[in-house]
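*Asks:* One letter stands for each residue in the lines below.
Protein chains: 2
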Amino acid sequence: MKMRIVVVGANAAGAKAASKAKRINPKAEVTLIDRGTFISYGACGIPYFVSDTVADVKELMSTAVGVVRDAHFFKKVKGVTVQTGVEVTGIDRESKVVHLLDTSTGQSSSLGYDRLILATGSSPFIPAIDKVGLPNILTVKSIADAELLKNCAISGDRACIVGGGLIGLETAEALQKKGMRVTVIEMRDQLLPGVLDPEMAYLVEKHLRQQGVTVMTGCAVTGFIGHTTVSAVRIGGQELPADLVVLAPGVTPNVGLARAAGLDLGVTGAISVDARLCTNDPAIYACGDCCETNHLITGKKVYIPLGSTANKQGRVAGINAAGGEAVFAGVIGTSILKVFNINAGKTGLSESEARANGFDVETVLSPAHDKAHFFPGAKPIVLKLVAERTTGRLLGLQAAGEGAVDKRLDAAATAITFHATAEQLSQLDLAYAPPYSAAMDNLIVAADILKNKLAGHARGVSPHDVKRKFDAEEDFILLDVRSPAEYDETGIEGATLMPLGLLREKLEELPRNKEIITFCKVSLRGYEAHRILDAAGFENTKYMDGGILAWPYPLRDAS
Amino acid sequence: MKMRIVVVGANAAGAKAASKAKRINPKAEVTLIDRGTFISYGACGIPYFVSDTVADVKELMSTAVGVVRDAHFFKKVKGVTVQTGVEVTGIDRESKVVHLLDTSTGQSSSLGYDRLILATGSSPFIPAIDKVGLPNILTVKSIADAELLKNCAISGDRACIVGGGLIGLETAEALQKKGMRVTVIEMRDQLLPGVLDPEMAYLVEKHLRQQGVTVMTGCAVTGFIGHTTVSAVRIGGQELPADLVVLAPGVTPNVGLARAAGLDLGVTGAISVDARLCTNDPAIYACGDCCETNHLITGKKVYIPLGSTANKQGRVAGINAAGGEAVFAGVIGTSILKVFNINAGKTGLSESEARANGFDVETVLSPAHDKAHFFPGAKPIVLKLVAERTTGRLLGLQAAGEGAVDKRLDAAATAITFHATAEQLSQLDLAYAPPYSAAMDNLIVAADILKNKLAGHARGVSPHDVKRKFDAEEDFILLDVRSPAEYDETGIEGATLMPLGLLREKLEELPRNKEIITFCKVSLRGYEAHRILDAAGFENTKYMDGGILAWPYPLRDAS
Chain B
198 MKMRIVVVGA NAAGAKAASK AKRINPKAEV TLIDRGTFIS YGACGIPYFV SDTVADVKEL
258 MSTAVGVVRD AHFFKKVKGV TVQTGVEVTG IDRESKVVHL LDTSTGQSSS LGYDRLILAT
318 GSSPFIPAID KVGLPNILTV KSIADAELLK NCAISGDRAC IVGGGLIGLE TAEALQKKGM
378 RVTVIEMRDQ LLPGVLDPEM AYLVEKHLRQ QGVTVMTGCA VTGFIGHTTV SAVRIGGQEL
438 PADLVVLAPG VTPNVGLARA AGLDLGVTGA ISVDARLCTN DPAIYACGDC CETNHLITGK
498 KVYIPLGSTA NKQGRVAGIN AAGGEAVFAG VIGTSILKVF NINAGKTGLS ESEARANGFD
558 VETVLSPAHD KAHFFPGAKP IVLKLVAERT TGRLLGLQAA GEGAVDKRLD AAATAITFHA
618 TAEQLSQLDL AYAPPYSAAM DNLIVAADIL KNKLAGHARG VSPHDVKRKF DAEEDFILLD
678 VRSPAEYDET GIEGATLMPL GLLREKLEEL PRNKEIITFC KVSLRGYEAH RILDAAGFEN
738 TKYMDGGILA WPYPLRDAS
Chain P
198 MKMRIVVVGA NAAGAKAASK AKRINPKAEV TLIDRGTFIS YGACGIPYFV SDTVADVKEL
258 MSTAVGVVRD AHFFKKVKGV TVQTGVEVTG IDRESKVVHL LDTSTGQSSS LGYDRLILAT
318 GSSPFIPAID KVGLPNILTV KSIADAELLK NCAISGDRAC IVGGGLIGLE TAEALQKKGM
378 RVTVIEMRDQ LLPGVLDPEM AYLVEKHLRQ QGVTVMTGCA VTGFIGHTTV SAVRIGGQEL
438 PADLVVLAPG VTPNVGLARA AGLDLGVTGA ISVDARLCTN DPAIYACGDC CETNHLITGK
498 KVYIPLGSTA NKQGRVAGIN AAGGEAVFAG VIGTSILKVF NINAGKTGLS ESEARANGFD
558 VETVLSPAHD KAHFFPGAKP IVLKLVAERT TGRLLGLQAA GEGAVDKRLD AAATAITFHA
618 TAEQLSQLDL AYAPPYSAAM DNLIVAADIL KNKLAGHARG VSPHDVKRKF DAEEDFILLD
678 VRSPAEYDET GIEGATLMPL GLLREKLEEL PRNKEIITFC KVSLRGYEAH RILDAAGFEN
738 TKYMDGGILA WPYPLRDAS
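As they're listed, the protein sequences go chains B and P.
Sequential numbering from 198 applies to the first sequence in our numbering.
Sequential numbering from 198 applies to the second sequence in our numbering.
No lab work stands behind these hints, which were simulated from the structure alone.
Just to be clear, a hint being listed does not mean it is correct.
Given that identical chains are not distinguished, each listed pair holds provided it fits within a single copy or across any two copies.
In silico DSBU-like cross-links for lysine-lysine, where the CA-CA straight-line distance does not exceed 35 Å [as the list claims (entries may be wrong)]:
#	residue 1	residue 2
1	Lys293	Lys374
2	Lys666	Lys374
3	Lys403	Lys576
4	Lys576	Lys338
5	Lys403	Lys711
6	Lys272	Lys293
These numbers come from a predicted model, not from an experiment.
Turn these sequences into a full structure, and let the hints steer you where they fit.
*Replies:* Shown next, in the form of structure tokens:
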């Protein structure tokens, strides 16, 4: 008898699993079931459809050569039978049958399986707050959401995005591009919590503000105001007028079906699977946004739903369900975002995650151009490396800026996966020519700074700590070693000018026992100055990580 | 007594070594000597200066904030004494003295050292052929070369570039942009020999021809014709008119000084150094273009001079000379080139290098968009993976196309450094969002194909072999499984149309025992078709690697 493989959920993970299962086991009968109308679409592309960057929603559901991935396509090309508009209402594990409900006809039926793959995905988290059900309070997940959102995006109207994560910010840009006046409201005191450390997130926030988006952090939405439609967002005692609200506070895994069938859920609340993506029932696999996975650095279970992970997992679940053998090792928490002209992301652990996981960390903030500085179109990016102090092992990279951050993230993701140390990172034979990087790539420079710090040759202070020293009115000198021309243009309030080229001959003008913190535009000259002072016997010198370019607070105007 | 460190050669490696040595050992007296006028310039930027992409040659010698790195800069900022226009004529190793000649005054002097660092660089290889000394036969190395070349680049004139390597092609673009009629002459039968395999190099050649550059491969220049200036290039019996000739057949290490001092040269002809970059004289180090290094995959000594390597080595030599401890492990042969709109490069071993080193290899050609295909500005790139068949270990990646090849090279360079297998490569948690890649990054897709091949699920044929079969009039079917519309637009002469969507129902129309080779635009559908035929019991099916996009030969016109 032919093996019967049933896949529940026909998006990234499910569609991939079904196709792969059929290729691995061409004799198998593979059925792909989805409660929705549209299948195999790129949900990650929705903000670009809303902003008209992608003109036709069909493009999100098509192959690279423009063929729509519909039921017909799956039948003809993949040999997979698709049932859309069909809800799986239950799993009878004993008799290996799924119960189905045709959502248009209301008819029930059932379908036997030898292997079942759950790819039920995730849903936007809807906070249980007052009037959250008003019709113009939308989410960003399905094609229907996309079309609704696009229709509601009226130029001049006020949009409130609840949630300053990846989807929230992408949607903010999309609605702003449609002419809306956009406010992003984030409960935590920074944007992109869980992705970036505060000083990196502030760089993104700064950019959003420059683009005209209003950003409110540390603000919890407590309810909505309006009768038939929303007219305002309630934040504690405040009311913020809104013509449209988008809820983007994150997603939750769709685990109702699995839970009802008695399948194990993990600590994260998502479906628990082993390395083969098998649940506690050997006939049932799970993949994509509905299941949890391993974090390869911490060894802990994590729930980080992403289209890239879903595709990899779909392949593994498909192979295993079809009788093959494949494993999915886990993730390291890589994510990336383009919002307006800034690219920002991270791989591995952020500093706060690393500390929360008990690592003794050293960090580096390193801004530089993404290409040879003389090459047209070179743009600055800021890297933040996080490493284990005792071993020099790289734990994470964050990157933000208008230049190419994605390639530094990908190289670092690879390095982190293989437990690279700062030393190994600094020796990578990366692709160099002026259109692609400086002779020393940003990653190499950052790794060298990290090595200097780990060896005790460089003592860094974070911009955050410098700000705190000023606020606490500590007695220290913040030494700006840039040129007078740069100093005149902008700078940090309270800093003292001492151009690097004059430092060696003006050492007597500086107090030898006071704390001196040096900086420049990117703190390479700052580091040089720190070393000069150190060599001259100054007792307490440091340099400020990342210089002006990584300073997340307001700068002073031209003097 | 202060330690005296003398560095010979003040470009990438030397300048870095001197600066680093002084930072490591601030009490040391560091002297940086160069026979030229200009120091610490970005020689890699010269083609961009010639093409006016970089307006002022000073930009090549400046820091990112516009400070010129001259003798004054090194004294004031780095604490390093620079002597320009000074030739080191000899090394007395016994008494640890270098002999100097001031090239402007003709005065001789000598300078004692405790540690000597040789960073004497490389020179363009000048073939010993007839009239190679004519004044308008130029090279691309120094700032003087750059200015001369720019002055000689007269719109409408004919330029011949001798050598189709990285520098030759960058210069071809620069001169073409200045309005010259450019011919590139390469002795080997492909461009970029030593960098790309033939089918990847042909993609670059195709692009150059589309841009109007004449490419002649397999042509050895045997001499030049002209009295006071060159008027033609002699290629065997042929004469090719030329108003300007650029010699770019590669570089040779400057080892005269080292050799005369009795220092060991390696098998490559460059200075032999250990992992600390120490020569056979414990007081003398070497770094940059004058020394050889280790290839981390083959374990062999190689000579691959690059600005990126020079900078890393300069740091290591500087630290060690100053009394510290650092090592330079080696390289994996990464290089990259932008020529017109195409980006091309490789990391690790090419297929031909891998075979020459005795590896049993499997390869994959995988073309795809560099971003989500629906994202504006997505451009195709072709990847070629080279792996060891028995272990699945990744040996090399080549990449070419208008899209972002650099980031795939950097991630692969990192993976190769850590001995990643196809399986590990396919599981990398790379940064995904539609502006940066498809949900499955090009590298992941290529790794999955490689896994399919290694597992025997996919049997590939290279475009080269398909072409050979046609030329040998073998009896086989080349099955084009694209859509009729795509087929009408262009295709491969001799192919049979069978759209993938019809294949499952038209299997009887195909002979079951004849060799059938399937393909499509990128050969994903080609692979699908290959699997369908395989599953249906066809005896001899394969798919053509890379499809239309990787087909390096002429395509037929619209039918």
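*Asks:* None of the hints should be skipped; say for each whether it holds.
*Replies:* A quick look at each hint next to the structure:
no., hint, result
1, Lys293 x Lys374, "neither (50 Å within a copy, 69 Å between copies)"
2, Lys666 x Lys374, "neither (40 Å within a copy, 54 Å between copies)"
3, Lys403 x Lys576, "both (17 Å within a copy, 31 Å between copies)"
4, Lys576 x Lys338, "both (33 Å within a copy, 27 Å between copies)"
5, Lys403 x Lys711, "within (33 Å within a copy, 64 Å between copies)"
6, Lys272 x Lys293, "within (24 Å within a copy, 80 Å between copies)"
In the structure shown, a violation is registered for the earlier hints numbered 1, 2, in ascending order.
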